[in-house]
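Asks: These are the residues of each chain, in order.
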Amino acid sequence: MATVEVQLRIKRFDPEKDRKPHWEDYRVEVEPTDRLLDALHQVRWYQDGSLAFRRSCAHGVCGSDAMVVNGHNRLACVLLVRDVGPRITVEPLRGLPVLKDLVVDMDAFFAQYRSVMPWLVNEDDPGDTERLQSPEERARFDDTTKCILCAACTTSCPIFWGNESYVGPAAIVNAHRFIFDSRDEAGAERLHILDQGSGVWRCRTAFNCTDACPRGIKVTEAIQEVKRAIAVPPSQP
Amino acid sequence: MDIHRHRFDAVIVGAGGAGLRAAIETAGKCRTAVISKLYPTRSHTGAAQGGMCAALANVEDDSWEWHAFDTVKGGDYLVDQPAAEIMCREAVDAVIELEHYGLPFNRTPDGRIDQRRFGGHTRNHGEAPVKRACYAADRTGHMILQTLYQQCVARGVAFFDEFQVLDIAFVDGDPRRGVAGVVAHELATGDLHVFECSAALFATGGFGRIFKVSSNAHTLTGDGPGLLWRRGVPLEDMEFFQFHPTGIYKLGILLSEAARGEGGVLRNAEGERFMERYAPTVKDLAPRDMVSRAMLTEIKEGRGSGPDKDFVHLDLTHLPPQQIDEKLPDIAEFVRTYLGIEPKTDLIPIQPTAHYAMGGIPTNVSAEVVLDAEDTVAPGLYAAGECACVSVHGANRLGTNSLLDIVVFGRRGGAAMARYVEGREPPGLPPGFEDEVKGTIEALLGGPGTARVADIRAELQEDMTLNASVFRTEESLTAAAAAVDRLRHRYRSVSVQDQGRRFNYELSEALELGYLLDVAQALVAAALVRTESRGGHFRDDHPLRDDANWMRHSLAYRRPDGSIRLDYKPVVGGPYLPMERKY
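Read top to bottom, the protein sequences are chains A and B. Numbering-wise, the working numbering puts 175 at position 175 of the first sequence, and it's gapless, one number per residue. Numbering-wise, the working numbering puts 162 at position 162 of the second sequence, and it's gapless, one number per residue.
It should be emphasised that the hints constitute simulated quantities derived from the structure, not laboratory data.
Cut-off 20 Å, straight-line C-alpha distance, at most; resulting in silico cross-link-like pairs (SDA-like, lysine to any residue):
1) B:Lys344 / B:Thr317
2) A:Lys218 / B:Glu333
3) A:Lys17 / B:Gly190
4) B:Lys250 / A:Gln42
5) B:Lys300 / B:Pro543
6) A:Lys17 / B:Gly500
7) A:Lys20 / B:Asp498
8) B:Lys29 / B:Ala415
9) A:Lys17 / B:Arg502
10) B:Lys309 / B:Asp346
11) B:Lys250 / A:Arg82
12) A:Lys227 / A:Ala206
13) A:Lys11 / B:Arg502
14) B:Lys569 / B:Tyr557
15) B:Lys250 / B:Arg267
16) B:Lys250 / A:Ala2
17) A:Lys17 / B:Asp498
18) B:Lys250 / A:Val30
19) B:Lys212 / B:Leu513
20) A:Lys20 / B:Ala188
21) A:Lys17 / B:Gly446
22) B:Lys250 / A:Glu31
23) B:Lys438 / B:Ala188
24) A:Lys11 / A:Asp105
25) B:Lys250 / A:Thr33
26) A:Lys17 / B:Thr189
27) B:Lys212 / A:Thr33
28) B:Lys582 / B:Gly126
29) B:Lys212 / A:Trp45
30) B:Lys212 / A:Glu31
31) B:Lys309 / A:Ala2
32) A:Lys218 / B:Asp325
33) B:Lys300 / B:Asp541
34) B:Lys250 / A:Thr3
35) B:Lys250 / A:Asp83
36) B:Lys250 / A:Glu29
37) A:Lys20 / B:Thr189
38) B:Lys212 / A:Gln42
Make the full structure from the sequences, and use the hints.
Replies: In structure tokens:
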């Protein structure tokens with residue numbers, strides 16, 4: 001396949017030597033079906049070894065390489081060069097502190113995740129067989145089990161940019177995953193957490209999160225379902 | 001470069017399924033640090049798709065003995081049978097436990113865990129395929145990783161995220177005398193962290209990145225096996241590497257065997273369902289080594305597709321569209337994203353992709369690392385998951401048995417480690433233990449070298465793919481050995497441009513390349529000597545299995561001069577006698 005030349009404009013920042021971020025341009029030869037991640041590798045491997053970005057699986061399941069591409073939150077490994085065009089602007093995720101180049105500090109993001117009790121709570125002893133759950137009950141929370149914690153949704157949210165105490169879409173998605181799981185018993189507790197000033201009521205349904213999710217999760221809808229559950233709590237078994 | 005010091009009872013290196021399951025087991029029992037070069041949820045367990053087998057018999061009649069038989073036969077009789085029995089027996093509890101932890105398995109109409117078919121898993125010793133794989137759509141690994149991480153968060157496990165472990169200290173430098181600590185490089189700062197401890201469990205995953213086309217993450221570089229090997233621990237059965245039949249053409253991204261479990265078939269350029277000729281009973285659901293060889297044989301004989309006749313097709317077009325949406329949503333999306341075609345109507349170009357290392361750090365069934373043919377235990381040292389070799393997979397792993405392996409032996413390793421450290425104080429680190437790692441990093445950063453990491457790695461991947469992959473000969477392996485030696489030599493003059501300390505990924509990749517070269521060297525050396533064909537190791541010049549001479553595991557040791565010494569230990573037998581492997 002014929003290669004194409006792509007111009008990458010990358011926002012660089014190394015706190016060891018820079019006082020503020022700056023743009024740098026790179027030209028790389030790639031195949032049109034290559035991923036943006038492949039183009040970034042070309043830069044790191046053959047042009048400038050200091051370019052910092054996270055990555056691992058390279059096919060959209062590990063959530064390492066979320067970044068802002070031509071203004072939109074994307075995973076670099078799920079985006080083909082032919083689908084973005086020959087000029088690509090790459091920036092770190094917004095709303096989280098930049099540690100170096102495209103690497104942001106994820107600590108606050110994971111702290112928000114932990115704040116919603118993201119684990120199954122059920123004190124009953126189920127014995128040595130599985131708990132029963134109908135396919136319909138299972139389907140109720142299927143969408144939000146897909147989250148890979150890449151932070152694309154939370155860092156696309158204008159409310160989150162302006163207010164870092166907002167728990168953010170990703171944490172709500174992970175709360176939703178348990179609130180609507182028929183086996184879980186801590187839904188009321190999670191709803192209480194999300195009913196606080198930092199919780200779901202901050203959401204103004206901008207839909208940025210849904211657009212940003214690389215897993216196709218209907219994030220805004222999940223947040224709305226949590227809001228409704230706070231207003232009218234789901235009946236506990 | 002600052003040095004930070006920590007003291008724990010135990011450390012777990014790697015936070016995929018095996019490491020996290022071990023951490024759940026040690027939580028509340030001993031002070032444990034989980035050290036991972038990635039955020040735990042980035043681990044490659046999350047990329048596993050199809051399922052986790054256990055003879056629940058929720059859907060069809062089944063028994064764990066049948067599962068054990070399939071595992072032994074699938075592994076071409078190099079499996080240690082007592083270990084396979086333990087894994088298959090404990091599989092049932094392991095799946096139930098994951099359900100109790102909250103894992104959202106797909107369900108049967110009556111609310112039980114649903115099960116589906118998978119390659120090499122059969123009813124009553126090979127009669128017909130059986131529905132044994134418990135699954136959550138085609139993202140079972142993602143669900144396992146998330147669920148285990150959730151349980152670790154609930155237990156307040158101490159994580160050191162984005163710390164790369166680079167060396168281990170043993171008492172008097174001897175693995176027989178006990179573990180004293182590990183040293184890790186913190187990516188965010190470039191600082192070193194020394195962890196003093198009594199025990200360490202390695203769960204660092206695979207090393208598929210020694211090959212060019214691989215389903216493995218960029219970060220699967222054999223760090224655990226490599227660093228232990230340098231300190232005197234042998235590597236077992238390294239010649240056995242699995243190539244998964246259905247990797248996306250050129251990219252190697254995995255399309256789960258579940259695609260064939262759900263009814264998908266492989267077709268050559270003539271549209272023929274060729275697996276009917278190679279495995280008349282189970283056809284497309286034959287074990288992976290056989291399917292990969294069949295595909296490449298079709299290609300070699302001119303029946304490959306495309307302008308270069310170098311791939312075959314996976315055909316899902318006859319499946320009901322709803323079944324693809326519900327059971328295979330992620331892989332359908334991979335096909336759309338990376339190939340720009342629609343799996344419901346288009347044939348999918350595929351080729352074998354480097355997938356899984358059957359070999360690794362030798363352990364017993366308690367996940368204790370063993371050091372020789374007499375199974376001498378390295379006190380306080382454990383390994384579990386793909387980086388380990390129990391051996392439950394023998395010469396070829398069956399699909400789904402890796403997710404099972406990580407949960408069963410992660411739990412066993414964690415439990416054994418918690419018992420070991422009880423009432424024990426860390427033996428103390430030799431002074432200056434971190435100096436060697438410090439010297440290595442400083443040499444890479446400040447060295448006068450001119451060799452580039454990416455060039456050496458690309459050449460390694462080319463050479464290994466050409467000469468040490470699905471089909472091997474003495475000639476090809478000799479060439480591979482020479483190439484690895486040449487690249488190891490060049491690696492000594494590798495240099496890193498980036499002189500910074502923070503998030504120096506160029507440095508990380510340089511260190512990882514060192515481990516890739518180690519495991520490649522061990523693989524090629526063991527493959528060259530094994531003059532038979534068994535499971536994932538196929539020699540064109542020795543095409544038959546040779547039970548008289550080769551029912552034994554290889555142990556590769558690194559000598560101080562960098563050369564390799566090979567030793568062997570017998571396969572541990574059991575109820576199933578070796579027979580011809582027909583499907």
